[in-house]
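One letter stands for each residue in the lines below.
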Amino acid sequence: MRRGLLTLLALLGGSAPGWAQGQVFAVTGSPTNVRVTVDEVVARLMTFDQNTDGRVAIGELSERMRPLVARGDTNGDEALDPMEIHQLAHAPVTRTNGVFGSSGGYSFGDDVGLSSRRHIEGALEDLRLTADKTDRAIPIVRSYVEHIENTARASLLSRMERLLSLEQFVTFSRLLDGQQHQMTFRANVPDGERVVRVMAMAGIGNLTRRLEAMALPAPHNEQARAALEEYKTRVRLGSEAERSELMARLTDVLDDEELENYNAALQRRPVVASASGMAVQLNDSIRALRERTGAVIPAVLIERAPVDVISR
Amino acid sequence: MDLIRGVFAFFLTGWVLALGLSSGEWGPSEWVSKVHAQGTPSAAVGASGAPDKARPTERTLRLPATPYQYADVTLPPHFMTTAARRFDNTPPDNPVTDAGATLGRVLFYDTRLSANNTVSCASCHVQANGFADPNGVSRGFAGGHTDRHAMNLVNLRFHPRARFFWDERAGNLEEMTLLPIENSLEMGRTLDELPEALGRDPRYGELFRDAFGDPRITPQRIGRALAQFLRSMLSYQSRYDVGRAAARSAAEDFPNYTLQENRGKALFMRNCAVCHLENQEAHFVVNTPVNTGLDEDTRTTDGGVGDITLKPADMGLFKSPSLRNVEVTGPYMHDGRFATLEAVLEHYSSGGKNHPNRDIRVQPLHFTASEKAALIGFLKTLTDHAFLADPKFSDPFQ
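Protein chains in written order, with this note's numbering: chain A, 1 to 312; chain B, 1 to 398.
Warning: the hint list may mix true and false statements.
[Said to hold, decoys possible] Covered stretches of chain A, going by a simulated chain B footprint (3 or more residues, C-beta under 8 Å):
1. 38-48
2. 117-131
3. 135-143
4. 256-264
Keep in mind the hints are simulated off the structure, nothing from the lab.
All C-beta atoms in this analysis are idealised placements derived from N, C-alpha and C, irrespective of residue type, glycine included.
Using the sequences and the hints, build the whole thing.
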């Protein structure tokens, strides 16, 4: 039934436009903190120093890299020494980006609190099962999603209850319960007016920040963070035992190849992209949603589909 | 059904038009041009190792009496959405014209753009291969090998950042087209000598006058004409395009696909589109350069964009070509390391190597054998046979 839906998650407050199918747009940029360092850049450039005189002469560089010397040679010796390379690596680069800017950042869906429901149900959809098989498999998968979301939530709240004060716990629970809201409205999108469903999300990042703001004592803070991490993992895919049970229940419906493909698809971690321009168009609706729910809403999930499908 | 019929009628019309143009290709104006045959650059290396001027072989330039239509092309609706049109990098001062692209076509196939008359742009960018090089790395005019694979030239008009080469060092197509001519390994010409070399042929005066209003030959005009020709190379008649026009969205099953191809498309949309089909449904380009985890070492492997900017975050990032016609554009990646699509999928299935700048989107996907087959089935639907054989993009020298 959901086949053909186009999905977006738009970030509030940014600038890049986004409108595509089969992908979601989220809050954060790249979550990875591991990056090449300036020292590594210097080390890379110095590998071109063939005569080992401690500097890279213009003739030692490949032709495409020679403009670097014009940019970075401060002492006029037509070569780059490590200090000059270091300065180049820190200098801002003036480049034209053409007529259309770059994409925003990306993150894992579970890191921003995106429900796995779409991923788990979508992976089943991707198998292109017969109608009969789909009708039998969908209820199994949906009950699985509800089960893992409920048990993950119950487990998290149970652990948090022991770590937070009553006031903190109430705040945290409200934030968790208010994590996802939905509404349907009409919006102007780049290729015409469409009815879209918006799912607003508080996001795990928000929960983490709220926990940090609570300034729990060290042992409690560590336990709370661990509980949140476990919640993220469980709500994403369930535990191994839960997944095994799901696959066992599906054995009666899917053949071996379908089971193998579904199991592989479940293991994948959905990536979401920021595309905040959409939020500009949605601001009014988001504001209304925010007022109605009282939730902090850093991102919205938009499901786009032809009107006759989404309006049902 | 009416919609499907309409779509097929649209593409059928395109074929009829193409055939009609082909039948009238050879006009009265023929020009014998002394140009060395392509494909033998190493033979032009003298005993000293220095490139010799090759002995010219007579080739005849044949152009249609009425120029091909390059400027006025009717693209399918999914190319015309607001989002898709935003990818168009055509500059206001160099729109594609029939005369400009015709000149660009002649230049593209003219070996006189190389120092010893042995190689043209088309030596490394072969039409039957989606204008990519079927070899892993390309050979220059003197027989030397470059260190990168010549990427495809498909739908360059729709690369939104308008930056070109694997390391994005060229800021627009006009600039990009001149750099290989000047490169000492690739074509070995100086731009200053090029107007005189081409000006010896009177037909070029005519072509430049038709394109730019007067017969003056300048490096800038050469770059602009080549850029026009490249921007005119549009692939939009694949089975994907037919299917997309018959469906309400790219995510919906296409009526002209097999079950396996639709499964492959669904897998692509869920796992690959976040890079290759972002923000639109037409172009199959990656909007920004990406580190796909091809190498782990940051010191000795090709730094890509980072070697140009020296920004740490750019190290190991490479531009990605369009996936259109990907079936025939192998070998793949900037150094042609993967010979087959299966090998490419295996790379993404494994998640690549652990480079510090590896993009978050490149993660282990663990595709099963059946999923790989479905994905490859889908990717092959991006092949546009009309484009690969279109005479208006073919070698005009006979």
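Item to check | Hint numbers contradicted by this structure | outcome: Those not satisfied come down to hint 3.
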